[in-house]
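Just so you know, the sequences run in chain order A and B. Just so you know, we're using my numbering here: the first sequence kicks off at 1 and counts up by one. Just so you know, we're using my numbering here: the second sequence kicks off at 1 and counts up by one.
In case anyone wonders, no lab produced these hints; they're calculated from the structure. Even for Gly, the Cβ is constructed at its ideal location relative to N, Cα and C. You can take every hint at face value.
Derived contacts from chain A toward chain B, CB cut-off under 7 Å, selection only: (1) Asp166; (2) Leu195; (3) Ala199; (4) His200.
Covered stretches of chain A, going by a simulated chain B footprint (3 or more residues, C-beta under 8 Å): (5) 221-234; (6) 240-253.
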Amino acid sequence: MIEVGDLVVDFGETRAVDRVSFKVAAGEAFGIVGESGSGKSTVLRALCGLNRHWSGRMIIEGAQQGPVRSRAFHRRLQMVFQDPYASLHPRQTVDRALAEPLRIHGLDDHERRISRALREVGLGPEHRFRYPHQLSGGQRQRVAIARVLILEPTILLLDEPTSALDVSVQAEILNLLQRIRRERKLTYILVSHNLAVVAHLCARVAVMNRGRFIEALDVAALRAHRTQQPYTAQLLRASEGYDRQAAEALVTYD
Amino acid sequence: MTAPLLDIADLHVSFRTPRGVLEAVRGVSFAMGREKLGIVGESGSGKTLTGRSILRLLPGAAELHAKRLTFDGIDLLRATSAELRDLRGRRLAMVMQDPKFSLNPVMTVGDQIAEAYLAHSRVSRAEAREKALHMLEAVRIRDPGRVYALYPYEVSGGMGQRIMIAMMLAPDPDLLVADEPTSALDVTVQMQVLAILDDLVSERGMGLVFISHDLTLVASFCDRVLVMYGGRLVETLDARELGRAQHPYTRGLLACLPQLSGTEGDLPVLSRDPAWLEAP
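Next comes chain A alone, as it looks inside the complex:
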């Protein structure tokens, strides 16, 4: 389904992604965790074609991918961003935000598609003609997800989709993402710094540090702290709340 080999992304002198390889099967949810600057979002941006300056192998749905993608490709692979405040146009109503991808991809029957997409993400017709500022953070992220689903993609790239939300809203969005994947048999690649969020949604997780995939493990191993790399063990420990001893033992891994 998705096969990436020796992906490299450079920003000037800095190697942001360093020979990253992974495979994701159809219908799988694959997680990438890492701290800021680890290169996790850069991997997603190369995958979806937002960043064209990469080298390596990339096969998505059986087709070799180059830097420039076709319109049909973008319809099948869509991305949800972290901040719904920033990813929605402030002067466009929900209706217009949802109609735009339909127009770009030449799809008809806007009326039916828009109301269906809104229903699917748990928004009612009363939300359809509102502006982003008239919606809560959770509702905005639902609009961003509806805008992605309206194109009926097969792959969703999720870049910290719940990091900007309150925990009670995060639970609602995670449940929504879980349900959509089940119903539509979608493939997910989820990027997050939150190990618990990744473990909740994904079956397999890669840990990234300084541009490299340092470890890939299944969620059962992650939950049981069966890690191979000391970096992963440290990340796990730091995620479990404050602990004076653990803080003392922290090391920087290069």
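Add chain B to chain A, keeping to what the hints say.
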């Protein structure tokens, strides 16, 4: 019994809007000593405004009313602007969430720490510089001499936050209000910053008000936790007894977090009871 370091009774913060008065904080009361006190709540719960009320640093449009607001016996409600200015920074300090927006971009970080210290102490520039270097060391910055001369854009988020803490702690305040001081940081850096705050609180006998949205983090770090919802305190907990929280809001917040140790199926979602806004 000695008087508490901070004593707040029936604090109200409201805003006049074209559509009526918006009550953001509604009757918050608590007292604290030289301890680590956490204030937890979701966005809009009033936790930040409560924290800012302690320093009387509210937006101009806000109206503050309280039965009592005293810091170490000083009535903050009656204090003049000059008295408040003297207290702020010297005895009452505040660390904000994002160092990117709080540091002066055109001044080296070391000079900023020295400036904060000079504002409150009669010392020479050379002594202030010494103090700044010493503070950088206290927040465990390796090579303080090099970091002193850096500009904010040259330091990472974690280092920026440590610089903010160094700056606030240079005058040796009695009470530090930290508003989401680690929320913009990676978990490992967050741990290091918390360890620094932890040590400084115990070494200097300082009081700390730690404001955060992260209930489990606050419970693992603080001695006591106040839970806010809709501008009110709904529950006060001993941090070690988080599991025994009584209020349905606190329990709901804990339940809706995905657990690393394992969560199957859907997460429980919070159904908000309008009664939470009224009865405590």
